[in-house]
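Chains as they are written, first to last, in the numbering used here: chain A, 1 to 309; chain B, 1 to 316; chain C, 1 to 240; chain D, 1 to 862.
Check each hint, because a few of them may be wrong.
Stated by the list, open to error - Calculated lysine to any residue pairs in the SDA-like style (CA-CA distance at most 20 Å, straight line):
(1) B:Lys27 - A:Gly186
(2) C:Lys188 - D:Arg468
(3) D:Lys398 - C:Arg161
(4) D:Lys589 - D:Asp338
(5) C:Lys94 - A:Asn53
(6) C:Lys188 - D:Arg479
(7) D:Lys602 - D:Val622
(8) A:Lys183 - A:Gly59
(9) C:Lys188 - D:Ala214
(10) C:Lys117 - A:Asn53
(11) B:Lys217 - A:Gly59
(12) C:Lys83 - C:Asp96
Think of the hints as simulated: they come from the structure by calculation, not from any bench.
Since the structure is predicted, the reported quantities are computational estimates derived from the model, not experimental observations.
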Amino acid sequence: MSIFSERSLWGRLDDVQHDAGYDEDHPPRMGFFTDTSVCIGCKACEVACKEWNDVPDDGYLLTGMSYDNTQALGASTWRHVAFVEKSGAGAAPAVDLGMPSFDLPGAHPHGEDQATESGDGALRWLMSSDVCKHCTHAGCLDVCPTGALFRTEFGTVVVQPDVCNGCGYCVSACPYGVIDLRKDDGRAFKCTLCYDRLKEGQTPACAQACPTESIQFGELSELRERADRRLEELHEKGVDVARLYGRDPEDGVGGDGAFFLLLDEPEVYGLPPDPVVPTRDIGSVWKHVGIAAATLFGVGVASFVGRRK
Amino acid sequence: MREQSMVPEPEFESYYGRQILKTPTWKTPDVPLYLFLGGLAGASAVLAEGAALSGRPQLERVARLAAAGGATAGTVALVHDLGRPERFLNMLRVFKPTSPLSVGSFILAPFASFAGAAAASQVTGVLPRLGRLAGVGAAAFGPPLATYTAALVANTAIPAWHEAHRELPFVFAGSGAQAAGGLAMMLVPLDQAAPARRMALVGAALELVASERITKKGLVAEPYRIGRPGRLMRFARNASVVASGATALAGGRSRVLSAVAGATYLASSVTTRFGVFEAGLASAKDPKYVVVPQKERLARKETGGAAAHTEGQPAG
Amino acid sequence: MAEADRNRTCLTRMPGHNGFEDRARHQTRYASATHLRRLIGSLCFRRPCRGYIAEVNAFLGWPAIRQATGRDRLGRGAAAMSKRSETLEPRTVKADKVVDSVCPYCAVGCAQKVFVKDGKVAQIEGNPASPISRGRLCPKGSASKQLVTSPSRVTKVRYRRPYATEWEDLDLDTAVDMIADRVIKTRKQFWEWEADGNRTRRTMGIASLGGATLDNEENYLMKKLYTAMGAIQIENQARI
Amino acid sequence: MAEAHPVGFQWVMEAKRRGATIIHVDPRFTRTSAVSDVHVPIRAGSDIAWLGALVNYVLSNDLDFREYVVAYTNAANIIEGRFQDTEDLDGLFSGFDPETGHYDPTSWAYQPDSAQQVEDDAERDRAYGDTPGSQESHQSARSESHGSGGAPVRWKGRRDETLQDPSCVFQILKRHFARYTPEMVQEVCGIGPEQFQRVAEALTRNSGRDRTTAFCYAVGWTHHSTGAQMIRTASILQLLLGNIGRPGGGIMALRGHASIQGSTDIPTLFNILPGYLPMPTASQHQSLDEWVRDDEGKAGFWGNVRSYAVSLLKSYWGDAATPENDFCFDYLPRITGDHSTYTTVKSMIEGSCKGYFVVGENPTVGSSNGKMQRLGLANLDWLVVRDLQMIETATFWKDSPEIETGELVTEEIGTEVFFLPAATHVEKSGSFTQTQRMLQWRDKAVDPPGDARSELQFYYDLGQRIRRKLAGSTDEMDRPLLDLAWDYPTDDEGDPEGEAVLKEINGTGPDGAALASYTELKDDGSTACGCWIYCGVYADEVNLARRRKPHWDQDWVASEWGWVWPANRRQLYNRASAAPDGSPWSERKAYIQWDADADDGKGKWVGPDVPDFIADRAPDYVPPEGAKGPDAIGGQDPFIMQTDGKGWLFAPLGVADGPMPAHYEPPESPVRNPLYGQQNNPSRRKVDHPANPINPSFSEIFPYVFTTYRLTEHHTAGGMSRTLPYLTELQPEPFCEVSPRLAAERGLTHGDWVTIVTARAAIEAKVLVTDRMRSLRLGDRFVEQVGLPYHWGGNGLTTGDSPNDLVNLTLDPNVYIQDKVGTCDIRPGRRPRGPELTAYVEAYRRRAGVDMAHPEDGGADG
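Okay, chain A solo, but in the shape it has when bound (with noise of 0.2 Å):
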């Protein structure tokens, strides 16, 4: 459809705040990286961001996901980090392990063939800080009917709370399940990308506090030359599980605009494989839309046409 620009909803976008109306001397893009291989699971992104953002504590349960009570990333969770326990072989299963392995840690007693001498990589226990990927092509953002959700200056993808009316579009929209309506609020909220201090030129809270630099900050172009040197850093150390997550331009979201280093398979850590926008097919939605009103309007004027009974 000729409303869409060439790349505006799909594919590889180089300007993401150009194409958003802003004018070409707008700020770089910016974003996070989160190089899980030195993730040390001590969620001090969580409390951060919990502390600078105002969100409200989301429940206390002990769910024995590992050390992980939080669950997942929702309306009052904007950093989420993830706990893996994975036993067997030192390296991930290329495909499937043969069972589902969603089993909770240590659900498969070894008995006595179980090996003692650890450190010989027969146990791996992955972290990861999880975080909205302000995409190049957002679904929330894209369905949004407010512009509550808006693309930033900086390329990121923000909820204007004074804006947003809580019809929770942007929940569904979302490939990766990030965004979510907070209850007792009724609007939606997720990681701003602390988007009042990058005003200011301040790191974000998460990335400020992570003490070994899993979260890093950035300017995105930045970022993904220096995650592609990590990735090749670790390649060359034999690590043969390190791949990146979101870095791809060319995706099913165009990119993310905080992508991952990841030591395993994505859905591992509760990540989408291959995430794309629904926006993606809007073209061919509103023409089948259109078609089928069409047809609506058709059988109507059909069902006059003929004899009268």
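The hints should help you fit chains B, C and D onto chain A, whose structure is shown.
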């Protein structure tokens, strides 16, 4: 039908079996009702204008009221669903072609105004010419109103909805036609209800064909086949078939049968919307609907190279 | 310095002791509030135009109009920006003062900056200038604003009478005075000039536990006072 | 380290990024293990066997840094011929008295290198009016009588620098550790030989001239009845490898509280006074002379102890302290042995200690054997609790577990409780000393709310009131209070100025001006100094702890951020970073070195840090006969706080449980000590009380090992974390961790309730069944461990039973710290409630055959 998937249960990894997507926060019954009411109102507006043109005053009256009433009740349902209802007007803050809800708001607002004005004029007899003009407007906005709701659910990351984005508009168009036709069959004398019967019949056929195409989509369509949404979809289909049979055989002869068939169409239409809605919820709640198709797509991409991104690939 | 760290300090470098006041000096290369306002101004209609009546102004402020007339045709960016977003700034900028502090939890000694607004703590965050912590904090350190502002903090003296089943209120002055009386009495009661023939000059009736979470100056006064009292059973977490 | 000190761990990650190998030794697979190159699961409490085997590996393969070892350690010292090792006595050293459980260390001593030394020493003893033999009592192994630097040796001693003499330390060490083999490590620790080999190779490969290895530890080493010796084993290893006093080396204690280092330097501890001056011991110290005699005049900076002591007395009693009255030495109360916290708790239960201040601690949750803590509290006359939140220690009288069981009844508890709200770290100004001895000043940000006050204000106010009430008293016992220098400027709210106190700590000269260095302290009463090692923090009237020069504006040592005691030295003993001749060991590891051309050819030590040495002492300096104090430090004696200037591979005295470490089993253990016939540390301090019964070793009733630890998301006894929503939601319930094998053995289901029982208590928690807990294979058997994060208690946003209730009280004989390793049983389901709980534990005791006549013993050594 036994509840089982048509493809072998795939093996996949996930994070403690947790869902990847968020479950849509849209409330039941607000939103499925809204889907239904939009269809009813939109198709009724067409029916009303047809009736007006063809001189069927009782059909016109019922259809006009159905259009206005559906639009009003639908708007109420929609506003009620909002987390901040007082900010309903923010829906008109921008016009976003990427957001079916935004587009829908710019359809619903004029439609509701036109349909309301037309119905008011009809009922009160005031400003009949303007009322007719409004009726034309409503008829123009009616079909989009009835079908845009398909875009509303299709343009999401919910696999069961998104993967049906080509078919859902037709399901919704057919479902709307059934509802409008069904309601008129219930309330309009036999001699004026023929267009309503025809609309319901054709709508039912449209919906059945489109629904069938959806259910054949493999794993992503599994939620339409199993569990509660599966039962709802089967009920709706069966209801449509029964109502259509009755309508075709005796719809024009028996007032009672016509009314029963009409009510069955209505029930079918409502049930379809709940079925589609709940299939989406179920689809969001199980990570396999996200992981498995996406892994398959990645695998195809690896083997098939760049061709994978072309239109027509399931998006998952 | 690691690459990431260099980047981070570049972005967040806050002047060592002067707090945020001279942050302008550290304005980064990519954004500043004035730059932004200029940017927004060029994207949106300038609202208070001469000659327009208020309604027109309001209408022109309607984002859909901005959308239709500006470059953000899809209404996903500049056109959708709200007034709040346009003028947003971090609350730390409005702080009355920024105070250098140190995290109160473990002994790593991470440097904190405490932002104070209207006599209340508005934010506590890591100080990037620290050679120990480089601005980073763990979850506990990151929660220290909540520690300070916690609604469950007890801020009134509580008193439990012997054999009582409930707390009572007690005036602070009275409480400290009562404690002084107790100290004097117990000290005397358990006074011991000698043990096993050796002079001890002490009281065995009074003990104390604590100090590892306190300041050096506080520990100093405590030990000094206790020693003068003759109390020796003075201990803290270092033994536990 | 990633668990409990995440921000400090950034430097480990930094090292890893640069190629360092990270080895993590821990019973559990923790967040540290997750990012380490090697995780070595070890049976809790078996670290001496593990480290000892590494020592043996170094010694038997000649992998020690010989030049360093010969020059800087006491490897070459010849030990008295009377010395007998554990090799000779099946687990005991010579000098053990089975009656008292104490060692007499005289047989561990250095041989003098001349008869003249013996004669001089005897002469000195006679000058003090002692017979030479009575020196032994002064050199008692009992550690509470020593300050920092350990016990002073009498002489540097005879040395054989070829290290061949069979009586030299090096050879003794070699023989002592010979039985600590990789096979023994498997047998004791559950660590396989390949794993051992991997670590041993990594460790030795990364030590020497060009490379250094660092050790970090926390309470995983200190919380044992052999804790001090665990750290000594690491010290021996690091000295042998040349990793002490050099950049990138060292043994770093990761301490757990903001100013726990400060509260040791300026102690709220029973056995020391500020600056590690010993509290006077009644049997030995009845005058200033007696108090300082052990150290005075000895080589090193402890030789000036009289200046430090007199200056402290001057800061305490000001003008009242005069040369004529021994500077008020007599005002100091004397100790008579162990008055540590657990001993004090016992005297509370027994009714001989009636008033208790608890200040920023929560002993009913944070101290071991919580029941004894609560029984003690319940028998007080009065209790003062100062804290931010309503902690369990303040509410014991109404909601402790013993109330639930009926062992205590609220209406029968006569303790008068005062809860006084305290100020937080932003509501007062003051300094913390962090774990690397750095003082950092905090400015006050806001006023404390309501009745909340700083401790500074409370104690100042309390002191004022007591002094007012006693004014006019002629009772001699009140003189120390009435003569106390207790006058500090205050702000409008009555809060004393912290900087004024800091200045008193720093010390002042005759003119009242702040001193710049402890070398300026005098023993004539002309100087006052509250803590000699902190002298200089307020030099030139400037609060150097307040310095905040950004690290990017200075070199990597960052000397202008805060202030580090002593003398702003960032690394202790850094003279050892240079070879004996003063040149760097290698360019890569250069730090402090001798620059012979500096100062117009007089030469001095230079480098990025403050040299931990006398600045102009040449490497070839040999002290003249009879030199005292700092003058007696040779140019190649880097350990300037030791009286012989050397690092001690062998402790000729000062360590209560032997001159060398030996592995003993924890007081409760399922394992028979394979190394010696002696099962437990023979010198361990037992706490004899019916509420402290010890599980019999090897008991089938208590077959599992348990240990306690921290989680990142919480802080010690929880008062500062369980009360905060943001931390509570991250770890919202108490839990324990077990291996899948143990879960199968006991039928435990992941996420369900379980009950953990010892002879002291039974608690309940949810269980996490996880591969992170390893089943350890010791020889032909498995040992299972139960992991217990200990943060919980009855109050706060998240509540639960306190794991410390399970822990027994058996103390290290050097420092009186408890052993947190014990044995237990674990069963599915929740624990019984009320009186049934008491009966439940009682039944366990009966079945395990706990000897309630000697409950504290454990009975493993006959």
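We went through each hint and held it up to the structure:
{"no.": "1", "hint": "B:Lys27 - A:Gly186", "in the structure": "holds (12 Å)"}
{"no.": "2", "hint": "C:Lys188 - D:Arg468", "in the structure": "holds (16 Å)"}
{"no.": "3", "hint": "D:Lys398 - C:Arg161", "in the structure": "holds (12 Å)"}
{"no.": "4", "hint": "D:Lys589 - D:Asp338", "in the structure": "violated (43 Å)"}
{"no.": "5", "hint": "C:Lys94 - A:Asn53", "in the structure": "holds (16 Å)"}
{"no.": "6", "hint": "C:Lys188 - D:Arg479", "in the structure": "holds (13 Å)"}
{"no.": "7", "hint": "D:Lys602 - D:Val622", "in the structure": "holds (16 Å)"}
{"no.": "8", "hint": "A:Lys183 - A:Gly59", "in the structure": "holds (12 Å)"}
{"no.": "9", "hint": "C:Lys188 - D:Ala214", "in the structure": "violated (51 Å)"}
{"no.": "10", "hint": "C:Lys117 - A:Asn53", "in the structure": "holds (16 Å)"}
{"no.": "11", "hint": "B:Lys217 - A:Gly59", "in the structure": "violated (39 Å)"}
{"no.": "12", "hint": "C:Lys83 - C:Asp96", "in the structure": "violated (25 Å)"}
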